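Going down the list, the protein sequences come from chains V and E.
Taking the numbering used here, the leading residue of the first sequence gets 1, the next gets one more, and so forth.
Taking the numbering used here, the leading residue of the second sequence gets 1, the next gets one more, and so forth.
Just so you know, the hints here were simulated from the structure itself, not pulled from any lab data.
Each hint should be verified, as a subset may be incorrect.
[Claimed, not checked] Facing chain V, a subset of chain E residues (Cβ under 7 Å, in silico):
no.	residue
1	P26
2	Q27
3	R31
4	V43
5	N47
6	K49
7	A54
8	L140
9	D168
10	H173
[Claimed, not checked] Just the calculated beta-carbon pair ranges, DEER-fashion:
no.	chain 1	residue 1	chain 2	residue 2	range
11	V	N34	E	D64	34 to 40 Å
12	E	P191	V	E336	41 to 47 Å
13	E	D64	V	Q100	48 to 54 Å
14	V	T13	E	D61	38 to 44 Å
15	V	D181	E	N47	24 to 30 Å
16	E	P191	V	P680	52 to 58 Å
17	V	E29	E	A54	42 to 48 Å
18	E	D64	V	Q184	32 to 38 Å
For clarity, every value in this text was computed on a predicted model and none was experimentally measured.
The beta-carbon is built from N, C-alpha and C at its ideal position, and this holds for glycine as well.
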Amino acid sequence: MSKIPAFPQRLSTALGDPSIAEGLADFQERWQGNRNRHVSTLEARSGSSFAELAHQTATAKQRAREHPEILQRFCQNAQSRGAQVLRAATAEEACQAIAQICRDHQARLVVKTKSMATEEIFLNEHLESAGISAVETDLGEWLLQCAQDRPSHLIVPAIHKRRHDIAKLLEQIYAKAFNPDDIQTMARVVRTELRPRFMAAGVGITGANILIADTGSVVLVTNEGNAGLTLAVPPVHIVLAGWDKLVETTADALQIVQLLAKSATGQVISSYTQFIHGPIRGDFDGTTGAAADSSGSAGNTPKNPAALNHPGTNTQQKLYIVLLDNGRSDIAANPEFESVLSCIRCGACSNVCPPYQVVGGHAFGHVYTGAIGLVTAGFHHGWEAAAGPQSLCVSCGACAKVCPAEIPLPQQILAVRAKVYANDPKKAKRSLRLGMRILRSRRLTAVTISAAGILTAPLRSQGTLKRLPLPKKFRWRIPPAIPPRPARRLKELKAVAEPPARKPNGRKPAPQKTALFLQCISDRLVPSIPLASLQLLQACGADVVIPTSQHCCGLPAIDMGDLKSARQMAGSTLDVLEGYDRVVTPATSCAIAIKHDYKQLFADDPKQLSRAEALAEQTVDLVTYLNEKLPTTDDLTSSLRRDSESADQITVHPFCQNNTDTSLSQLLEKVCGAKPIPLPEGDVCCGFGGSVSLSNPEVSEAILNRKLKNAAKTQARVLVTDNPGCVLHIRGGAQAQKAPFQVLHIAEFLEQYLRDR
Amino acid sequence: MTIPTADEATGKAESKAHEVDETVEPQEVERFREMAEISGAHVYQLNSKSELTALIKQLADEGDVPVVWLETAANASKPHQLSNFPEPTKRTLGAVVAECAIAETGSVVLLETTRPQMLHSLLSEELLVLIQQNAIVSTLNDTADLITQAADKHQQVTFLTGPSRTGDIELHHVNGIQGPYEVHLAICDFPLANVQNPSFSATS
Ligand code: SF4
Numbered sequence: 001m002s003k004i005p006a007f008p009q010r011l012s013t014a015l016g017d018p019s020i021a022e023g024l025a026d027f028q029e030r031w032q033g034n035r036n037r038h039v040s041t042l043e044a045r046s047g048s049s050f051a052e053l054a055h056q057t058a059t060a061k062q063r064a065r066e067h068p069e070i071l072q073r074f075c076q077n078a079q080s081r082g083a084q085v086l087r088a089a090t091a092e093e094a095c096q097a098i099a100q101i102c103r104d105h106q107a108r109l110v111v112k113t114k115s116m117a118t119e120e121i122f123l124n125e126h127l128e129s130a131g132i133s134a135v136e137t138d139l140g141e142w143l144l145q146c147a148q149d150r151p152s153h154l155i156v157p158a159i160h161k162r163r164h165d166i167a168k169l170l171e172q173i174y175a176k177a178f179n180p181d182d183i184q185t186m187a188r189v190v191r192t193e194l195r196p197r198f199m200a201a202g203v204g205i206t207g208a209n210i211l212i213a214d215t216g217s218v219v220l221v222t223n224e225g226n227a228g229l230t231l232a233v234p235p236v237h238i239v240l241a242g243w244d245k246l247v248e249t250t251a252d253a254l255q256i257v258q259l260l261a262k263s264a265t266g267q268v269i270s271s272y273t274q275f276i277h278g279p280i281r282g283d284f285d286g287t288t289g290a291a292a293d294s295s296g297s298a299g300n301t302p303k304n305p306a307a308l309n310h311p312g313t314n315t316q317q318k319l320y321i322v323l324l325d326n327g328r329s330d331i332a333a334n335p336e337f338e339s340v341l342s343c344i345r346c347g348a349c350s351n352v353c354p355p356y357q358v359v360g361g362h363a364f365g366h367v368y369t370g371a372i373g374l375v376t377a378g379f380h381h382g383w384e385a386a387a388g389p390q391s392l393c394v395s396c397g398a399c400a401k402v403c404p405a406e407i408p409l410p411q412q413i414l415a416v417r418a419k420v421y422a423n424d425p426k427k428a429k430r431s432l433r434l435g436m437r438i439l440r441s442r443r444l445t446a447v448t449i450s451a452a453g454i455l456t457a458p459l460r461s462q463g464t465l466k467r468l469p470l471p472k473k474f475r476w477r478i479p480p481a482i483p484p485r486p487a488r489r490l491k492e493l494k495a496v497a498e499p500p501a502r503k504p505n506g507r508k509p510a511p512q513k514t515a516l517f518l519q520c521i522s523d524r525l526v527p528s529i530p531l532a533s534l535q536l537l538q539a540c541g542a543d544v545v546i547p548t549s550q551h552c553c554g555l556p557a558i559d560m561g562d563l564k565s566a567r568q569m570a571g572s573t574l575d576v577l578e579g580y581d582r583v584v585t586p587a588t589s590c591a592i593a594i595k596h597d598y599k600q601l602f603a604d605d606p607k608q609l610s611r612a613e614a615l616a617e618q619t620v621d622l623v624t625y626l627n628e629k630l631p632t633t634d635d636l637t638s639s640l641r642r643d644s645e646s647a648d649q650i651t652v653h654p655f656c657q658n659n660t661d662t663s664l665s666q667l668l669e670k671v672c673g674a675k676p677i678p679l680p681e682g683d684v685c686c687g688f689g690g691s692v693s694l695s696n697p698e699v700s701e702a703i704l705n706r707k708l709k710n711a712a713k714t715q716a717r718v719l720v721t722d723n724p725g726c727v728l729h730i731r732g733g734a735q736a737q738k739a740p741f742q743v744l745h746i747a748e749f750l751e752q753y754l755r756d757r
Numbered sequence: 001m002t003i004p005t006a007d008e009a010t011g012k013a014e015s016k017a018h019e020v021d022e023t024v025e026p027q028e029v030e031r032f033r034e035m036a037e038i039s040g041a042h043v044y045q046l047n048s049k050s051e052l053t054a055l056i057k058q059l060a061d062e063g064d065v066p067v068v069w070l071e072t073a074a075n076a077s078k079p080h081q082l083s084n085f086p087e088p089t090k091r092t093l094g095a096v097v098a099e100c101a102i103a104e105t106g107s108v109v110l111l112e113t114t115r116p117q118m119l120h121s122l123l124s125e126e127l128l129v130l131i132q133q134n135a136i137v138s139t140l141n142d143t144a145d146l147i148t149q150a151a152d153k154h155q156q157v158t159f160l161t162g163p164s165r166t167g168d169i170e171l172h173h174v175n176g177i178q179g180p181y182e183v184h185l186a187i188c189d190f191p192l193a194n195v196q197n198p199s200f201s202a203t204s
């Protein structure tokens, strides 16, 4: 089996290679524009939203999974058209079956199209050990094969290679110089290079994009034309496909074709979409090196080209379809992960992924790259393989928004993280584990932070700890000074404090009161956020209380995969916050955790689940709350409204998990009377990503740098955001770079307005 | 090398549009043209056989480039037999008649049964595809029945959209990787044929 280097080695190689991020940044930018344009056209023409189209894809794939009869129908129909269908339970079985077919047909040379399934089972290595050489015919894959490298992207496998790398490689192969800027000449090398290989090959191996049960067909979607030659020239065609590629009808298949290229390459459709209905007919006697290959002339052009000229004899090609399981049945049996089998392998989830953009697919994935690879690696290659890459996910949720198969990737990645953590909690970084032990207890957190405050007091300077001697890899962000008192000790907050009832559950419901949930980070590190939030809520006329036993909602534990701690912290939060009219928090991330993640945490505990559902109803983030209240609170609106010039100086970074929501901009527009300046790539994560900024600081830094560059382009005076984690992260980075703008939480920003007037 | 006349061309064309008798909306023709051009194909709208003859003459460089019709390729030792296979740079103009075309994607739909047919559309350095104007359908979904029905008769249905291409090196688009460098699409607003195509009748 293949030797994929260990994750830490892959990560450090990736971080040391600037070509990766360069190539990907280029790609992501171009892809995004084309993809969005074509998806909008499709939405307009079809009358369905992207979400509805993705739902249709998911439904079609799910129907095929749920009815074993559909798979049987595929096998019967394919067989009745002359194909032989084989089932392989494991990678090993699939490799052996394919090698055996090659031996049965005396093939020593096979040509291949790009197929992730063959990568998944390490087919090339297996064939090689069986004395059969496999030549990749997709340009990118061929280049990687020559360079003894692996694909780093599902669709553009050699995206990590730049033009000068390729020129150098070709120079080594052909012993002549190639001009790196003459990409056309470099790309067309395969046209002349590979023709004799197609001719000489005894077997052509392809993957499949889709399998159609009703017709027993295999669908292949490609651009270069190499798939056509691979399947039509050699006398034997082997298709290797995961059985999850199955759909029932041609209409289902077209539904996928419609979304595939738009999501994959940002094309309307790929150059070739081929529906293969059975072994093709033709002059297969003595026409290629295959039959004559018994001489062992693998790799050579057949000796007698004249022998190829036997037109029109009606012999049939041999077609084999190998259906691969290799962990797919385990996925199908697991309700949490089952939907990942709807994947159409478009790679869109990589194309929007901020950490992927920094490190590329060799580190961000195992064999399958990107978000999808983080989910499936454990099932195909064991949980050890899944452990490293998943730690890079920043949980921004961008992947789920572009997935054309409606796969809840962020939840599934967190579930992988939880599995990895449960398998071996010691794998998590020691510092994170220690941090979590402290964070689990409100008292311990208070003591630790106040001790840290005292210890670092001499280093305080202008509200920061810029004189704190940090290790180099953390120096891109200046930490905030630890304030002498947390928010909850400020007099304004103490005035409305509500201590817990003596008896458990003894507190009377307070149906008319609004509880302010401070959030642990802002409570302890940025008290100005809770204070400003309180003042804004009171200005809206709310009867606000601060439940004093509140602590962390458990989100950091969820992010870490430590679900035991998460349940404990979520349980305490339920105890503290239930029974109020509204629960408002200036932390959008915590609002999302309470509203959505709690239901998943307590899915198996009906009593807690119903409490979580009730709390979800009451909970709202500050921005949404103010948007609700402001139109009816004329006084506040007019007292806040400024002249329109001020909006010219504001840009916004909405919390990424909430980024389809424009409520932050709306709120600012209401208050300032003009739209804030749009932030380029404003919906992309800032790189904070829960614990990622601590566990993988280099990745976090690179993502933040892109955010800061974009913010500087707007020439705004203030960048406003709605999540305290993002505030600290972006502010710390902006301060380290002496960026020309201030970073404020929306509550701080609005409070300054109130105060200034 | 003689250039086929439009009569020969249309005579070779199976009546592809046999199942499509209603006329196509002009905006769908326009849409097809627009999308095909986005894919990198050259699109021509032709009103008569003489225009087709002129186009073929022009594309074949006044006879310098051999023109190969699919039908003959299936039956005789002409280019696109495998013997010519290792000569990927030899310039030829292949010509083929599409079963139908898809406006929303700019694709043409080819039905293929034998290896020479498949290789024909792949191995021509330039490919001319004739499309009966009223065989343009609006969406991908409109081809579902055709594909399902074709499964019994044709080993392969291909949606061909623009030239063969790659973006594998820095996403720089290069045409003509394994298939045609150029694809020419002729939308014909005159009857292409009512004569049976010999190669199709021989194999179906
Ligand atoms: S998970 Fe979704 S976005 Fe990612 S490759 Fe699969 S279908 Fe595409």
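Closer than 7 Å between Cβ atoms is the bar; does D168 (chain E) clear it against chain V? Give me holds or violated. Holds. Min distance 4 Å.
Satisfaction of the H173 (chain E) interface hint, Cβ to chain V closer than 7 Å: Cβ of H173 (chain E) sits 9 Å from chain V, so the hint is violated.
Given K49 (chain E) as an interface hint, is the shortest Cβ-Cβ distance to chain V below 7 Å? Violated, about 29 Å.
If I claimed the Cβ atoms of T13 (chain V) and D61 (chain E) lie 38 to 44 Å apart, would that claim hold in this structure? violated, 51 Å
Is the shortest C-beta separation between Q27 (chain E) and chain V less than 7 Å? Hint violated; Q27 (chain E) Cβ to chain V Cβ min 12 Å, cut 7 Å.
Whether the CB-CB distance between P191 (chain E) and E336 (chain V) falls inside 41 to 47 Å: Given a distance of about 59 Å, which is not inside 41 to 47 Å, the answer is violated.
Just to be careful: measuring from the Cβ of A54 (chain E) to every Cβ in chain V, is the smallest value less than 7 Å? This hint is violated: A54 (chain E) lies away from chain V, its Cβ roughly 28 Å from the closest one there, beyond 7 Å.
Should the interface hint for R31 (chain E) be scored as holding, given a Cβ-Cβ cut-off of 7 Å against chain V? Check failed: Cβ of R31 (chain E) comes no nearer than 9 Å to chain V, outside 7 Å.
Honestly, do D181 (chain V) and N47 (chain E) meet the 24 to 30 Å range at C-beta? violated, 44 Å
Could one say that the CB atoms of N34 (chain V) and D64 (chain E) fall in the range 34 to 40 Å? holds, 38 Å
Does the closest beta carbon of chain V sit nearer than 7 Å to the beta carbon of N47 (chain E)? Not OK, violated: N47 (chain E) not within 7 Å of chain V, min 28 Å.
Does the CB of V43 (chain E) sit less than 7 Å away from some CB of chain V? For V43 (chain E), the interface hint is violated, since the closest Cβ of chain V sits about 15 Å away, which is over 7 Å.
In this structure, the hints that do not hold are numbers 1, 2, 3, 4, 5, 6, 7, 10, 12, 14, 15 and 18, in rising order.
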